[in-house]
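Asks: Sequence:
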Amino acid sequence: MSFRLIFCLIFLLPRVILSDPSQPNQVVLLDTTAVLGELGWKTYPVNGWDAITEMDEQNRPIHTFQVCHVMEPNQNNWLRSNWIPRQAAQKIYVELRFTLRDCNSIPWVSGTCKETFNLLYQETDEPRGPAARFHPADYAKIDTIAADESFTQTDLGDRVLRLNTEVREVGPIERKGFYLAFQDVGACIALVSVRVYYKKCPSTLRNLAAFPDTVPRVDSSSLVEVRGACVENAEERDTPKLYCGADGDWLVPLGRCVCSVGHEESDGLCLACRPGFYKAFAGNIKCSKCPPHSFSHSEGSAFCHCEKDFYRAPKDPATMACTRPPSAPRNPMFTINETALFLEWMPPSDTGGRKDLTYNVLCQRCGGAGQACEPCDGDVRFVPRPLGLTGTSVAVQDFVANANYTFQIEAVNGVSGMGRKARPLANVTVSTEQAGPSLVGVVRKDWASQNSIALSWQEAEQPHGAILDYEIKYYEKEQEQLSYSSTRTKSPSVIVSGLKPSTVYVFHVRARTLAGYSGYSPKSEFATGDENSEEASDQGPVLVIVTAAVGGFSLLVILTLFLLITGRCQWYIKAKMKSEEKRRTHYQNGHVPFPGMKTYVDPDTYEDPTLAVHEFAKEIDPSRIRIERVIGAGEFGEVCSGRLRTPGKKEIPVAIKTLKGGYTERQRRDFLREASIMGQFDNPNIIRLEGVVTKSRPVMIVVEYMENGSLDSFLRKHDGHFTVIQLVGMLRGIASGMMYLSDIGYVHRDLAARNILVDDNLVCKVSDFGLSRVLEDDPEAAYTTTGGKIPIRWTAPEAIAYRKFSSASDVWSYGIVMWEVMSYGERPYWEMSNQDVILSIEEGYRLPAPMGCPVALHQLMLHCWQKERNRRPRFNDIVDFLDKLIRNPGCLLTLVDDVQSFPESPEDTPEYPLFISIGDWLDSIKMSQYKNNFLAAGYTTLDSVSTMSIDDVRRIGVSLIGHQRRIVSSIQTLRLQFLHVQQSGFHV
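Under mature numbering (1 follows the signal peptide of the UniProt record, and there is no 0), the residues of the sequence shown are numbered -19 to -1, 1 to 969, in order.
Heads up, some of the hints might be wrong.
[What the hints assert, rightly or not] Each computed DSS-like pair below joins lysine-lysine, with the alpha-carbon atoms no more than 25 Å apart:
{"#": "1", "residue 1": "599", "residue 2": "676"}
{"#": "2", "residue 1": "599", "residue 2": "631"}
{"#": "3", "residue 1": "267", "residue 2": "296"}
{"#": "4", "residue 1": "122", "residue 2": "23"}
{"#": "5", "residue 1": "336", "residue 2": "289"}
{"#": "6", "residue 1": "426", "residue 2": "481"}
{"#": "7", "residue 1": "426", "residue 2": "471"}
{"#": "8", "residue 1": "270", "residue 2": "336"}
{"#": "9", "residue 1": "122", "residue 2": "95"}
{"#": "10", "residue 1": "402", "residue 2": "289"}
{"#": "11", "residue 1": "630", "residue 2": "599"}
These aren't lab readings, by the way, just hints derived from the structure by calculation.
Predicted model, so just to flag it, every value in this text is computed and none were measured.
My request is simple: use the sequences and hints to build the entire structure.
Replies: So, in structure tokens, the structure goes:
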């Protein structure tokens, strides 16, 4: 029976295909399928296990061990492997592939048949010799191996063999090697293959670092930390690390290496940059092509060399293109205007490819024919300076009249002077014959006292106009012009006083006409006297008489002027008070507040709108406009930025609105209407109109250029970057511009942050007058229209409901602008629909304070959002209030976020004047003389004042009964107001 089973197994096994896929994280110590010769394993007893070797279909040997003594009881058959060195293994894995027959399929078998076998091992430091005895007690059991699937007699007939694979762990292994043993206790088994291996984390490249083979720890819960080594031409950025897991997997990569200069990453390696490319910095970036006018001929270049006549400045990065010095400035010209000589020029045609262009002005003074020119040195003064000019003009002062000057203007950039070529210069020769008078004559000392010196000189010649005055510059000789003083006189003599006794002074004198100054006279040295000097004693009586006469005359003049001024001031004060009262009444009735102020004229009142444009806007020659780029799109066409050239002045940046082609006459009229409006405004917080182009196409409106664009997008771009004081300063500028418009009787109708422009100094200017209309003289007048779009989120309720616009509706819009500014450009009412906004406002809802908004500013917003327009503050009130906040920044420290609740409707906010300090309150009731009394008694806030009684008022020193009553009455009003506000959790 045993023979037949073995024969069947031999017959079937060559048809079994054994797979052994390569495992990079495994190190194989033994694989019976890879052994070409005999295995040489030992069996005990000899007739227990049978070793059979057959060839498979690929002519590879198959080593099998079989045993099937199922008919005989008490089987104990051992099969032992050769000695296996463990190498670096701490834990080994034994993979067994075998077949096992089902005992039930074997006829006439009693209970002696088994379906398992045992796997055992023995550790030794060296292999045992052939004569060594076999002792089963020396082996430790690993596990009892059972088959997942067994075959039957039917399977043998169908030539089907069921192969089992089992893997067992052994360890930790501490000796140098070990034996494996297989114990059969009565089964029918064929051991097809045995593979012994241990796991490792294989060598790998990660983040440009190489990690070696690493054997994991026996404890599967702990990881082995391995430090990597950067690959060639790489350097550590952070220490590269990997952790080796128990299953031979790399985990948790940390740190990295980067390719060194001149090398780039490719497939995990750092390769040298190709010729024509470079890499100047270590990092995992690709090599870059050499910048313009530079090259690299070798591999691995860290920078590119400049071409001939091209250079890099010492501070230029390697990524910058090579550049060259600029050419000479063009078209130098000069003008002499009164006391200054103005030099102007045009930039060079070739700037060398750089932006750090500056100019130096070198001066030489030339005499007559045959005389050499000399450097001007300190004889002339340049404004702002002679060297390092960023502009294309300079003013020259203190030059000598009737002389010839040669000015050399050179353009300089960062690589000037690096080449061997001489710097190109622009030369201009100036004659100052018409510039001023001749030098004054010899300066003489008439007399000297202890503290004064009297000087006189011969009057300068006047070839080109009358002498306006003389300038006398003087300083102590010992100081050598470290500091000097000067004085002026209209006559050719002067008394210089305030001098030190017994001190030598140096004097220079020059004359001035309308054409300019003369040069300074040669220096003259004179000394003051002492108490015993003869000069001082001789002049003493004269000085006393002169002083007395001058003093008496001066006293008479002063008394006369005092009487005249006193009477005139009284008249002026009365007239001013009357005028101010008239102005206040005039303004309250809706008229222009200041007599004589320019009043806005509606362009629609002109029968021909073109006349309005030509009256209020200046026509510009289009050749003076240079359009540079498109920056946006308007209702009528594109909006561009460019430069405007004005004769005799520098080019200025401008914004240009153009009227697109194919326009109708109505569109042209509406387009130019805005220019007719803007041309009437003159205020630093209103966008300035430079002029229009109407006589050629395209039709253009030219306004000043605002570098930071619209306020809403500017704030969104710089969210959280400004202090509260800076934001209040922006709001103050907007309010000032709106106060100007209101004062001349003008309604904007579309005041919003998108229509406020910001320059590079954070000055805010009101713009976009497309929807604006004039405010009529009728005190109740407001512009009424039957159609047109209305910006709902910014518009007052009465303007939405009845199309009635007024300065008060602009105040409502200003409150929304305040909210936009404090929220850094957030959309008012967020995602609410326009209809929901209208209904919410009618129900009393108002925008809550933005995060971080001071209480005082949200209080002002709520005032602007009063439903009754007559209760809203005027723009002059708003400007005054913001000025107080700027002067008292401590009032901005209390934030709405810090109070428990806050009124959601302006109707919950009592109507009281916008004052924020004790001084403002006392000024309003004309009791400012008691300000120090309140402060000395510890009353520093309006909250504390509202709790005072009449006894408290007496206690702080207010003794007059009338004053007591006035203050107490005002305190009662404050108390009612603060009680109402504090019930809402609001504190001023």
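Asks: Does the alpha-carbon distance linking residue 426 and residue 481 stay inside the 25 Å limit?
Replies: Measuring from Cα to Cα gives roughly 16 Å; hence the hint holds.
Asks: Just to be careful, I want the Cα atoms of residue 599 and residue 676 compared with a cutoff of 25 Å; is the pair within it?
Replies: With Cα atoms ~12 Å apart, residue 599 and residue 676 stay inside 25 Å; holds.
Asks: Run the distance test for residue 267 versus residue 296: straight-line Cα separation, threshold 25 Å.
Replies: holds (23 Å)
Asks: Going straight from one Cα to the other, do residue 336 and residue 289 come out at no more than 25 Å?
Replies: holds (21 Å)
Asks: Check whether the Cα positions of residue 630 and residue 599 lie no farther apart than 25 Å.
Replies: Given pair residue 630, residue 599 holds - Cα atoms ~17 Å apart, limit 25 Å.
Asks: Holds or violated: residue 122 and residue 23, Cα atoms, limit 25 Å.
Replies: Measuring from Cα to Cα gives roughly 18 Å; hence the hint holds.
Asks: Given the hint that residue 402 pairs with residue 289, does the C-alpha gap stay at or below 25 Å?
Replies: Holds - the C-alpha atoms of residue 289 and residue 402 are around 12 Å apart, at most 25 Å.
Asks: Take a quick look at whether residue 426 and residue 471 sit within 25 Å of each other, Cα to Cα.
Replies: Roughly 18 Å separates the two Cα atoms, so the pair holds.
Asks: Hint check: residue 122 vs residue 95, CA-CA at most 25 Å. Holds or violated?
Replies: Measuring from Cα to Cα gives roughly 18 Å; hence the hint holds.
Asks: Given the proposed pairing of residue 599 with residue 631, does the C-alpha separation stay at or below 25 Å?
Replies: It holds: about 18 Å lies between the C-alpha atoms, which stays within 25 Å.
Asks: Given the proposed pairing of residue 270 with residue 336, does the C-alpha separation stay at or below 25 Å?
Replies: This hinted pair holds, its Cα atoms lying about 22 Å apart.
Violation of the numbered hints given earlier is absent; every hint is satisfied by the structure.
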